[in-house]
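K.L.:
Chains as they are written, first to last, in numbering that gives the first Met the number 0: chain C, 0 to 318; chain R, 0 to 318; chain D, 0 to 318; chain G, 0 to 318.
Take the hints with a grain of salt, since some may be wrong.
What the hints assert, rightly or not - Here are the simulated lysine-lysine pairs, DSS-like style, with alpha carbons at most 27 angstroms apart:
#1 C:Lys-300 - D:Lys-300
#2 R:Lys-191 - D:Lys-146
#3 D:Lys-300 - C:Lys-52
#4 D:Lys-52 - C:Lys-52
#5 G:Lys-166 - D:Lys-86
#6 D:Lys-53 - R:Lys-300
#7 R:Lys-86 - D:Lys-250
#8 R:Lys-191 - D:Lys-227
#9 R:Lys-186 - D:Lys-146
#10 G:Lys-53 - C:Lys-148
#11 R:Lys-144 - D:Lys-148
#12 D:Lys-144 - R:Lys-146
#13 D:Lys-300 - C:Lys-116
#14 D:Lys-67 - D:Lys-53
#15 R:Lys-300 - G:Lys-144
#16 D:Lys-108 - D:Lys-144
#17 D:Lys-86 - G:Lys-144
Hints listed in this document are in silico derivations from the structure and should not be mistaken for laboratory results.
Note that the structure is a prediction, hence the values are computed from the model and not measured.
There are 4 protein chains.
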Amino acid sequence: MKKYKLRTDLIADDPNLNGKTITYNDISVTIVNNHGNYITIKLNDITNHNNMKKCQNILEKEIQKILKLNNINDKDEGIIIGLGNRKSTADSLGPLVIDRILVTRHLFKISSASNNKRCISAFSPGVMGNTGIETSDIIESLISKIKPKFIIAIDSLASSSIERINKIIQITDTGIHPGSGVLNNRKELSRKTLGIPVIAIGIPTVVSSAVIAIDTINYMYKHISYMKDNIHTSKLSIIKTENYKDKIKHKELNINERNRIAGLLGTLSENDRYSLFREVLDSVNENLIVTSTEIDFVIEKLAELVASALNNSLHRQIS
Amino acid sequence: MKKYKLRTDLIADDPNLNGKTITYNDISVTIVNNHGNYITIKLNDITNHNNMKKCQNILEKEIQKILKLNNINDKDEGIIIGLGNRKSTADSLGPLVIDRILVTRHLFKISSASNNKRCISAFSPGVMGNTGIETSDIIESLISKIKPKFIIAIDSLASSSIERINKIIQITDTGIHPGSGVLNNRKELSRKTLGIPVIAIGIPTVVSSAVIAIDTINYMYKHISYMKDNIHTSKLSIIKTENYKDKIKHKELNINERNRIAGLLGTLSENDRYSLFREVLDSVNENLIVTSTEIDFVIEKLAELVASALNNSLHRQIS
Amino acid sequence: MKKYKLRTDLIADDPNLNGKTITYNDISVTIVNNHGNYITIKLNDITNHNNMKKCQNILEKEIQKILKLNNINDKDEGIIIGLGNRKSTADSLGPLVIDRILVTRHLFKISSASNNKRCISAFSPGVMGNTGIETSDIIESLISKIKPKFIIAIDSLASSSIERINKIIQITDTGIHPGSGVLNNRKELSRKTLGIPVIAIGIPTVVSSAVIAIDTINYMYKHISYMKDNIHTSKLSIIKTENYKDKIKHKELNINERNRIAGLLGTLSENDRYSLFREVLDSVNENLIVTSTEIDFVIEKLAELVASALNNSLHRQIS
Amino acid sequence: MKKYKLRTDLIADDPNLNGKTITYNDISVTIVNNHGNYITIKLNDITNHNNMKKCQNILEKEIQKILKLNNINDKDEGIIIGLGNRKSTADSLGPLVIDRILVTRHLFKISSASNNKRCISAFSPGVMGNTGIETSDIIESLISKIKPKFIIAIDSLASSSIERINKIIQITDTGIHPGSGVLNNRKELSRKTLGIPVIAIGIPTVVSSAVIAIDTINYMYKHISYMKDNIHTSKLSIIKTENYKDKIKHKELNINERNRIAGLLGTLSENDRYSLFREVLDSVNENLIVTSTEIDFVIEKLAELVASALNNSLHRQIS
């Protein structure tokens, strides 16, 4: 399972993994177990207040489950780490979640804090480009000082497809590589390196231009396949159909059709096509990492969602 | 010239237009005259202080030229309008420029202001989604009240290619359509509708996913064409070459080669390919408008560049 | 009633005005009627969610009442104007409220909007120092273009005492003077100048140093008066008492006592003392306008409070 | 010297300290040596570009001097710590300086960095209310991990007078107490606790209401004293005088005059008056910590000033 780094959210897409998808209250949750647990929650439109509440509930439950799977007890002290760069909107999920965490550790130090709260601290280590310090060094030194029983790390992820941007939450207990989407050889944060459970929670907020090009070609195949099968329907009414994406979801072209439509490009596997597009864009230095222009309006809501679920699941005896 | 709207910066790309490109001090300026003036300045990396100064100088001179071409005198009162949404980073160029404009109109009202300053006001009308008011209505009513002699409107643009994002400035005296990139039928701001010269200054900061896919395919053709011509050179050394983009700039595949490599897709004209990709992405509701993740760090510098050039060219007798 | 300008919230303090105070659900509302209506709502700690809800409810009802008193019907189109400077935290209440207003006017223009919403637009005109344009000119020109039936103007106010900062909301239908706290001779926004009802809603967020000095002397008198009457109680237990402010509220020193304690200063009326302190601080250019350092955390909540109450009372048929 | 904590900038005011004031290029620098070095630089209006440059130059030189006094060599690795709360404008000086520091430590780790730069890292630990962790614990653990040779800590300070707010910079090598202005018993950051030199740089940005009241009374005495001595001059022309503050600077009333004017209050020492006002305001819970409303416009410039001086003095071999 080495090849899956949380920084790119490829996990649940792998057809070879025995993922199990359950739908609670309209929201689908996919669970993969492979040398660790991977949970993917598909968010409904969270600008809607009711959807927000539903998503928060599911996330809260999944956090509680993964804490239990890692033998973390209700009284165990934890630290929340917000990875990423506060100044870069698409990379600011971690710090924005930290801003909203209900911290209690200092109250435990002052007096015996109330029984129904857990001892929690929260911290944003910044990024190496701004601090000059390896992020994992900052975290390691802090952990060795305050000795929590577990870590929850929050981060923005690079998306493996357009349609996942700002639309899913991933949770894993296999660790996280701060900055691995951008720079190589960052040290991993995991139970192996830190000696305590590390739960990572991430939301894909950025995507590379190569992925956008790949997705466009894939949608083109599906679109043409659907058109071919519905040749007698007016093109306009096809496209105007609600949920057209769901309709064409399982449509495929066979290799001969793909060859006719897209030549040699059509005969490449998805992995090879991705390698080609990436090579092309990297070589002209235009494989831009981009984010949806709606990010300015969505990132605060995503942070609110993650922070509320964390506050409720960590201090759950409160209410 | 109706088809060119400043909101998408297609103008200077049109091979049918007799554009003239001049290079001053490393910075290329392309001028097209077609029922109005269109100027495109190609920015060098403006995070470098020296480049910033050079670009500012060129922009300052081009603003002065277009003011003269529109018979605007040194003493004529002007208003700077910052279009776009302050809350959306990629769309905030206009309001951020307004924040940096040296306004003097209120000083002229209080006393006879100093001789070496022009009477200038500055205003950000917001966006219709937030005000409920057509942006052009706000501007028209204000113009009819304060009666300036000319308008300079600043806006973020949608880019016609990946490589232009945050990299060029366009100036025109043919008017601007606030919000035309997103909603249709916005009323145009121009000499025709307002009765006074309207100079528009824009920088492309966003791009559609369809354009990214088109650009990827185009770069692929050029890349393959170059590889074919340099078949005996090691692939790795090709790609690692500095300025690879410039090297492949004029490389093309003929239609047979394109057909072999990209099938039917390869035989489409660029316009038809764009229409196809746009249709595909629109039909699945994934034609995301995206922006580079570096926007958070670049937009302030771009605003600084435009505002400094405006302040210097409008109040140029100051120093 | 000319001397009361909403920009300083002196209204309900005047002992000569026949104010009536009613307490609903722990929250006191004072109503003064004197050539117009003045309503002062005393906020409980709004960082507490329940208090926030209570305050919002009261504010909602008072807005509905004053709309009715001004003969504004449920279907009448209105515009919300957010006065003040977005870049100055303590002066940003108006623009922050505008950001949260549910605007509908553009929907009415596109189609027949739903029956249960009112036609509302919202606008932040900025401040003259940044635009070069008299704020009242911007508003007047806009009003004459879009012709609403009434205006609601939101503004940050200068406080007449320390204890009112961020703690009360004032509503009046007598108009407002944008910027009157800082510059003189701003044109007034009122039914008289604009021809339609102008409801002003303000919250004091800043205070002058002279007012702080005055309040300190006043509290000293009350404190000494209370101490004198409780001479046998230990000083420490007096001060540690909860609600000490309420306890000393009606304590006063007579003129002889004040003379002994504060000399000639003690014999001055409150107005004369204010004039003296203002003269002293103005003459050394140190009559700083200050704001509580908690403003960064409170201003968003205050904006949320006003905007929610406005949205509910203006579109009240929604639910 | 125990009683002087950098968090309140009382140092150079103490008449018992043998401070030496030198004026370079219009800018006065006061140096006190008492169990450590205390330097106070009086800033001229830094919104003026030339003054900004002058202040930056002086600050740069004073930083170099204090580094030398602490035996810090040109090649010694250092860390800059930005104390305070990024979300509270008046308390954000530290984090804003960190955002502008030229960090190089990560480059030293990757390759042998260029000879003319020093190894520098930079870090904002946040505040205990948000992290749940004692700030000094975060710093101690980081120091023990990365082992720098010296620390420079930046912080916002509480001012000892109105006229110093945003107007002076203080430097000391005696250490700093993060948060000591607000909470008690914060652990001190100093050579004694950390084992390496700790240079603290602070700017007073906030002031208590009690201090404002004290200053008002003091200015009143000086004003009355001056008026008395200039009884034949018209009052209006006195107050309108430029630099009135300088004129009355050394004016005092004797104890009889103070008694007549301010009664018993007038006979108190300044310390006793401060204790009284503080007791009064604390007991009614109104000893607000306030900041000038201009802070939103000034804090970025102050951060720019400190960061530029630091970058130049730490990497001074660059140019």
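K.L.:
For each hint, tell me whether it holds in the structure or not.
P.N.:
Hint check results:
| no. | hint | result |
| --- | --- | --- |
| 1 | C:Lys-300 - D:Lys-300 | holds (16 angstroms) |
| 2 | R:Lys-191 - D:Lys-146 | holds (25 angstroms) |
| 3 | D:Lys-300 - C:Lys-52 | holds (21 angstroms) |
| 4 | D:Lys-52 - C:Lys-52 | holds (19 angstroms) |
| 5 | G:Lys-166 - D:Lys-86 | holds (21 angstroms) |
| 6 | D:Lys-53 - R:Lys-300 | violated (45 angstroms) |
| 7 | R:Lys-86 - D:Lys-250 | violated (50 angstroms) |
| 8 | R:Lys-191 - D:Lys-227 | violated (79 angstroms) |
| 9 | R:Lys-186 - D:Lys-146 | holds (19 angstroms) |
| 10 | G:Lys-53 - C:Lys-148 | violated (52 angstroms) |
| 11 | R:Lys-144 - D:Lys-148 | holds (21 angstroms) |
| 12 | D:Lys-144 - R:Lys-146 | holds (15 angstroms) |
| 13 | D:Lys-300 - C:Lys-116 | holds (26 angstroms) |
| 14 | D:Lys-67 - D:Lys-53 | holds (22 angstroms) |
| 15 | R:Lys-300 - G:Lys-144 | violated (36 angstroms) |
| 16 | D:Lys-108 - D:Lys-144 | holds (14 angstroms) |
| 17 | D:Lys-86 - G:Lys-144 | violated (40 angstroms) |
In terms of the numbered hints stated before, the structure departs from hints 6, 7, 8, 10, 15 and 17, listed from lowest to highest.
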